[in-house]
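One-letter residues, chain by chain:
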Amino acid sequence: MARKMLIDGELNQSNEQESHYDFDLFVIGAGSGGVRASRFSANYGAKVAICELPFHPISSEVVGGVGGTCVLRGCVPKKILVYGASFGGDIEDARNYGWEINEKVEFNWKKLLQKKTDEITRLNGIYKRLLSNAGVKLLEGEGKVVGPNEVEVTQLDGTKLSYSAKHILISTGNRAQRPNIPGQELAITSDEALSLEDMPKRAVVLGGGYIAVEFASIWRGMGATVDLVFRKELPLRGFDDEMRAVVARNLEGRGINLHPRTTLTQLIKTEDGIKVSTDHGEEFLADVVLFATGRAPYTKRLNLETAGVELDSTGAIKVDEYSRTNIPSIWAVGDVTNRMNLTPVALMEGTCFAKTVFGGQPCKPDYRDVPSAVFSIPPLSVVGLSEEQAIEQAKNDILVFTSTFNPMKNTISGRQEKTVMKLVVDAETDKVLGASMCGPDAPEIIQGIAVALKCGATKAQLDSTVGIHPSTAEEFVTMRSLTRRITAGSKPKTNL
Amino acid sequence: MAAATSLTTPKLSSPTLQSLYRNFPIAIPFYSSFLFLPKTLSSIPPRRLSLSPSHLHRRLFTVRSDSDNGAEPARRYDFDLFTIGAGSGGVRASRFAANFGSSVAICELPFSTISSETTGGVGGTCVLRGCVPKKLLVYSSKYSHEFEESNGFGWKYEIEPKHDWSTLMANKNAELQRLTGIYKNILKNANVTLIEGRGKIVDPHTVDVDGKIYSARHILISVGGRPFIPEIPGSEYAIDSDAALDLPSKPEKIAIVGGGYIALEFAGIFNGLKSEVHVFIRQKKVLRGFDEEIRDFVAEQMSLRGIEFHTEEPPQAIIKAADGSLSLKTNKGTVEGFSHIMFATGRRPNTTNLGLETVGVKMDKNGAIEVDEYSRTSVPSIWAVGDVTDRVNLTPVALMEGGALAKSLFLNEPTKPDYRAIPSAVFSQPPIGQVGLTEEQAIKAYGDIDIFTADFRPLKATLSGLPDRVFMKLIVCAKTDKVLGLHMCGEDAPEIVQGFAVAVKAGLKKADFDATVGIHPTAAEELVTMRTPTRKVRADLRSEGTTDHEVKATAGV
Numbered sequence: 001m002a003r004k005m006l007i008d009g010e011l012n013q014s015n016e017q018e019s020h021y022d023f024d025l026f027v028i029g030a031g032s033g034g035v036r037a038s039r040f041s042a043n044y045g046a047k048v049a050i051c052e053l054p055f056h057p058i059s060s061e062v063v064g065g066v067g068g069t070c071v072l073r074g075c076v077p078k079k080i081l082v083y084g085a086s087f088g089g090d091i092e093d094a095r096n097y098g099w100e101i102n103e104k105v106e107f108n109w110k111k112l113l114q115k116k117t118d119e120i121t122r123l124n125g126i127y128k129r130l131l132s133n134a135g136v137k138l139l140e141g142e143g144k145v146v147g148p149n150e151v152e153v154t155q156l157d158g159t160k161l162s163y164s165a166k167h168i169l170i171s172t173g174n175r176a177q178r179p180n181i182p183g184q185e186l187a188i189t190s191d192e193a194l195s196l197e198d199m200p201k202r203a204v205v206l207g208g209g210y211i212a213v214e215f216a217s218i219w220r221g222m223g224a225t226v227d228l229v230f231r232k233e234l235p236l237r238g239f240d241d242e243m244r245a246v247v248a249r250n251l252e253g254r255g256i257n258l259h260p261r262t263t264l265t266q267l268i269k270t271e272d273g274i275k276v277s278t279d280h281g282e283e284f285l286a287d288v289v290l291f292a293t294g295r296a297p298y299t300k301r302l303n304l305e306t307a308g309v310e311l312d313s314t315g316a317i318k319v320d321e322y323s324r325t326n327i328p329s330i331w332a333v334g335d336v337t338n339r340m341n342l343t344p345v346a347l348m349e350g351t352c353f354a355k356t357v358f359g360g361q362p363c364k365p366d367y368r369d370v371p372s373a374v375f376s377i378p379p380l381s382v383v384g385l386s387e388e389q390a391i392e393q394a395k396n397d398i399l400v401f402t403s404t405f406n407p408m409k410n411t412i413s414g415r416q417e418k419t420v421m422k423l424v425v426d427a428e429t430d431k432v433l434g435a436s437m438c439g440p441d442a443p444e445i446i447q448g449i450a451v452a453l454k455c456g457a458t459k460a461q462l463d464s465t466v467g468i469h470p471s472t473a474e475e476f477v478t479m480r481s482l483t484r485r486i487t488a489g490s491k492p493k494t495n496l
Numbered sequence: 001m002a003a004a005t006s007l008t009t010p011k012l013s014s015p016t017l018q019s020l021y022r023n024f025p026i027a028i029p030f031y032s033s034f035l036f037l038p039k040t041l042s043s044i045p046p047r048r049l050s051l052s053p054s055h056l057h058r059r060l061f062t063v064r065s066d067s068d069n070g071a072e073p074a075r076r077y078d079f080d081l082f083t084i085g086a087g088s089g090g091v092r093a094s095r096f097a098a099n100f101g102s103s104v105a106i107c108e109l110p111f112s113t114i115s116s117e118t119t120g121g122v123g124g125t126c127v128l129r130g131c132v133p134k135k136l137l138v139y140s141s142k143y144s145h146e147f148e149e150s151n152g153f154g155w156k157y158e159i160e161p162k163h164d165w166s167t168l169m170a171n172k173n174a175e176l177q178r179l180t181g182i183y184k185n186i187l188k189n190a191n192v193t194l195i196e197g198r199g200k201i202v203d204p205h206t207v208d209v210d211g212k213i214y215s216a217r218h219i220l221i222s223v224g225g226r227p228f229i230p231e232i233p234g235s236e237y238a239i240d241s242d243a244a245l246d247l248p249s250k251p252e253k254i255a256i257v258g259g260g261y262i263a264l265e266f267a268g269i270f271n272g273l274k275s276e277v278h279v280f281i282r283q284k285k286v287l288r289g290f291d292e293e294i295r296d297f298v299a300e301q302m303s304l305r306g307i308e309f310h311t312e313e314p315p316q317a318i319i320k321a322a323d324g325s326l327s328l329k330t331n332k333g334t335v336e337g338f339s340h341i342m343f344a345t346g347r348r349p350n351t352t353n354l355g356l357e358t359v360g361v362k363m364d365k366n367g368a369i370e371v372d373e374y375s376r377t378s379v380p381s382i383w384a385v386g387d388v389t390d391r392v393n394l395t396p397v398a399l400m401e402g403g404a405l406a407k408s409l410f411l412n413e414p415t416k417p418d419y420r421a422i423p424s425a426v427f428s429q430p431p432i433g434q435v436g437l438t439e440e441q442a443i444k445a446y447g448d449i450d451i452f453t454a455d456f457r458p459l460k461a462t463l464s465g466l467p468d469r470v471f472m473k474l475i476v477c478a479k480t481d482k483v484l485g486l487h488m489c490g491e492d493a494p495e496i497v498q499g500f501a502v503a504v505k506a507g508l509k510k511a512d513f514d515a516t517v518g519i520h521p522t523a524a525e526e527l528v529t530m531r532t533p534t535r536k537v538r539a540d541l542r543s544e545g546t547t548d549h550e551v552k553a554t555a556g557v
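Here the protein sequences line up with chains A and B, keeping their order. Okay, so the first sequence: first residue is 1 according to my numbering, each after it adds one. Okay, so the second sequence: first residue is 1 according to my numbering, each after it adds one.
No lab work stands behind these hints: they were computed from the structure. We treat Cβ as the ideally placed atom computed from N, Cα and C, and that holds for glycine. Only true hints are included.
Which residues of chain A face chain B? A few of them, derived with a C-beta cut under 10 angstroms, are:
hint, residue
1, ILE91
2, ASN96
3, TRP99
4, GLU106
5, LEU112
6, PRO344
7, PRO371
8, SER464
9, GLU474
Isolated chain A (complex conformation):
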């Protein structure tokens, strides 16, 4: 991060034709996409301003913070809590490795949360410095689009400032959504979950997406009783069905109570906690109910309708392949466009935007083979197509290679948890269409595989790579026997 940006400034472009605008670029929202676009644009020689709400760990209409979701309310604090929670399992595993650990091991949630807040505060500062080092002007306040080239910033004291800009970039991200059920105000979203005063002893998580399974894993790892309630048969819709089943099994194996095909009907506050009712007539008491039921683009207060920027039915800003909205001077990147809501994708979109608009090299983000990870415990990571997607899209037969094994560490720890790896291959071209893994270190392992996949690696190329022994990852280059072959034209089985 910091290290890179200081170096890559290549001043250029003396397009001083008509600088009657205050700025070449005005960016609303200083999250991953916005900061990247600002910084790179400034490096290309543009005059850039970016506005962002004041810092607070929990976002609202009046607070946010430089760094955005990823740094303040997403990837980073989440991963910190996952690290914290993983020690729970490690301590259990250590015993058979000869470690004598007193039964009384304490976990201090407050201490971890304080350190988490210190860390994101530090990062917030680093991000601000990044912007100022790049020569980007940071304005604190709420930005609104007034016209194709005009932005209004409402400052903390209520005063409004107007700026003109040749280009406007919207990168305001998205926000957690809440289902509308009786008592919904008793529940929290992931923002609050990352800043709870006390650790919940009993947590109910509603949702089957990655945020839901990550928080379920976090609290369970720290010793809480966790009930995970989701609508489908399996969590993680959209991922490979076989891997979804593996994740479900592992979550259960780690002690999380799964409630598939279930939804919550109401929440009632009682003396002993929140009484949670499901549509199956079950009731449990919880200290915390987390809604992880999706996120919606944050476009409401941007005044986009007036400015004529088109939104889709979910409120996401519609953009073309270059991230341009229907108004030629207004652009949007990141989660607010609801394309592929991942930090590195927002970075890619921000980079492409800067290149296109200020670098003189039109550049489309490439959404093929974008790897991703779910930091459940143990984690899932994937790149390319799921088996179902491959069957749907492929013209040729599909070869599926899977490997289910007890990782070496478990032979002594005694943990009953299988690691599963999977490759989906085009039978005709031998190209690897998808790779996935659920097990320790999966996200770290998949990254390199993603490079190979992105470049169209064949199964033969994987096979010709020598393994690193003894590692888990070597399994990906030693999967010699076919698990199954799916004839072209078959229908993917189910939609669980």
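Using the hints, position chain B against chain A.
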């Protein structure tokens, strides 16, 4: 082992084992090589195997592997292939050869955790005295660091966790017993005849195992290597890595002599288990042959975890004191009070007493068997794979050599092992993963190269407060943009490097790395987000540029 063919078989502790498993012809509906069954298969009489060696001796049903060009007179042998040494390479070659339809015997010494002229065990170095037990000890010792880290994440232990060495040894040995059993079953299921005893070559087609004589069309030597301790006064008090993996009690204070990967791995193990660890190396730096920056980085990180390095300090003598403690005398003085002194001073091929000189198998000055690209020795019917040939001494390479040999001999597909871009790891703490060329090698081979490095404090360390860092390095050919080498030292390095090894082996470019989207937040994503060269090395003007040390906690926005 009927379940062995099931694809949902639990992973045997060694992934190697698992891959071994997978190739029973019955279990493999697909693997292409098996579609071309060797012609010999049809000529094999139904096998009624009684596995007792006495019956095998001069068995009547002999099989002749064909593929002959008619030139050779039809001589009958007990076996198509006789393998001496059931380690990674030998087992792989035998099993594949049997799968290709040949009759195979393999001999191996009886099991013991410590190898000698009379003991060994099915599984070989990797499974019994190397990769596997070493990694188990690494897992165990790493917990102390994890406990420390966990303090920074809010975990508190009323009493500091204490380690019980005997529990670890017992569980480790139970696992090794299980694995050697699994290996035996693998051989059995592949119809490879296992003979326990010491094999010695009598003539180009004859092996003597403890007095019993077997004839074979081909003989494969895969007896591996053994630790080597130089003769200095008192060297009889030193232990080697075999012994270090199976000590009766944990060392209180240990001297480790040597700067190679074995020395560093054991230094990490004992340091993690709270022994006082001193490492004595002859050179200025550890890990000769590795990238210079990695060498510096790993030594610094290990020092920060409490290991004391004594550089340019070769040992001269070991002195045993009256109280039983050991002193190490070096060129610089004497360090006293060691409970153990371990030598990790290299390994030598196990080629003594194999009868090699008698049959004329050529060896190099270190005793390694000389082979051609197909692993053939100077005697046409005798072959050798694995550490005994001292090519690249790694389990997966022995597997590759064994697999290639079986194909060459019994599948009519002459196959050379491919030694390009072999990744490898050092399970030091922190560990190292690498693939391809070092900076020095790359400069020599390509002249103009660009170096990308990252040296950062990982997210975990910012919370734990420990001084852990991660170092990554990409070496790129300036002319072609090809990634020539990739090196990493830091948590998960071996797991991270494997996937990148596919990319390096496939000859991918830096631009391909850059085009790959990161997985956030991981350490590995750093390898696809290195935008600016740290320095450019040009043949004419020497390197320029700077390294910077920044914190990595979030995506590089």
